[in-house]
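All chains should be built: construct the whole structure from the sequences, respecting the hints.
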Amino acid sequence: TDYLVSNWTPGNKALLQMAVQSWMFSRLENWGTTSWLESMQTKVQDILGEDDKEQRSSLFYEACSAFALYETMAATSILEMALWKGEIESGGQAPANRE
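Going by this note's numbering, the first residue of the sequence shown is number 2, and it counts up by one from there.
Hints are not guaranteed to be accurate.
Simulated pairs of lysine to any residue, SDA-like, Cα-Cα distance not exceeding 25 Å [what the hints assert, rightly or not]:
{"hint": "1", "residue 1": "44", "residue 2": "2"}
{"hint": "2", "residue 1": "54", "residue 2": "68"}
{"hint": "3", "residue 1": "54", "residue 2": "75"}
Pairwise CB distance ranges (calculated) [what the hints assert, rightly or not]:
{"hint": "4", "residue 1": "84", "residue 2": "46", "range": "35 to 41 Å"}
{"hint": "5", "residue 1": "3", "residue 2": "46", "range": "35 to 41 Å"}
{"hint": "6", "residue 1": "70", "residue 2": "20", "range": "18 to 24 Å"}
{"hint": "7", "residue 1": "31", "residue 2": "66", "range": "18 to 24 Å"}
{"hint": "8", "residue 1": "19", "residue 2": "79", "range": "23 to 29 Å"}
These are computed hints drawn from the structure, not numbers from a lab.
Beta carbons are placed, not taken as given, at the ideal position from N, Cα and C, and that holds for glycine.
Structure follows, in structure tokens:
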């Protein structure tokens, strides 16, 4: 994707848009995080509308950083749910206390 951002042509612009939709947007949709999806869509539209190469690269880096944060937050939420489920199933006892 760095190549697409750096070598801006109408074809590369369309290719970047398709890549981002399958890479970022589909994951955000699957997580059910509407506000994150809307935020990323805005970031991507800013990238696609930017003519300045350096500014476009900066916007792309910011979008990737935001997505990485969203991934971390989603992973943390999944881990927390798994831990809560384990706690509920164990009846509130620590695994070492089970017989």
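How the hints compare with the structure:
no., hint, in the structure
1, 44 to 2, "holds, 15 Å"
2, 54 to 68, "holds, 21 Å"
3, 54 to 75, "violated, 31 Å"
4, 84 to 46: 35 to 41 Å, "holds, 37 Å"
5, 3 to 46: 35 to 41 Å, "violated, 19 Å"
6, 70 to 20: 18 to 24 Å, "holds, 20 Å"
7, 31 to 66: 18 to 24 Å, "holds, 20 Å"
8, 19 to 79: 23 to 29 Å, "holds, 27 Å"
The earlier numbered hints that this structure contradicts are 3, 5.
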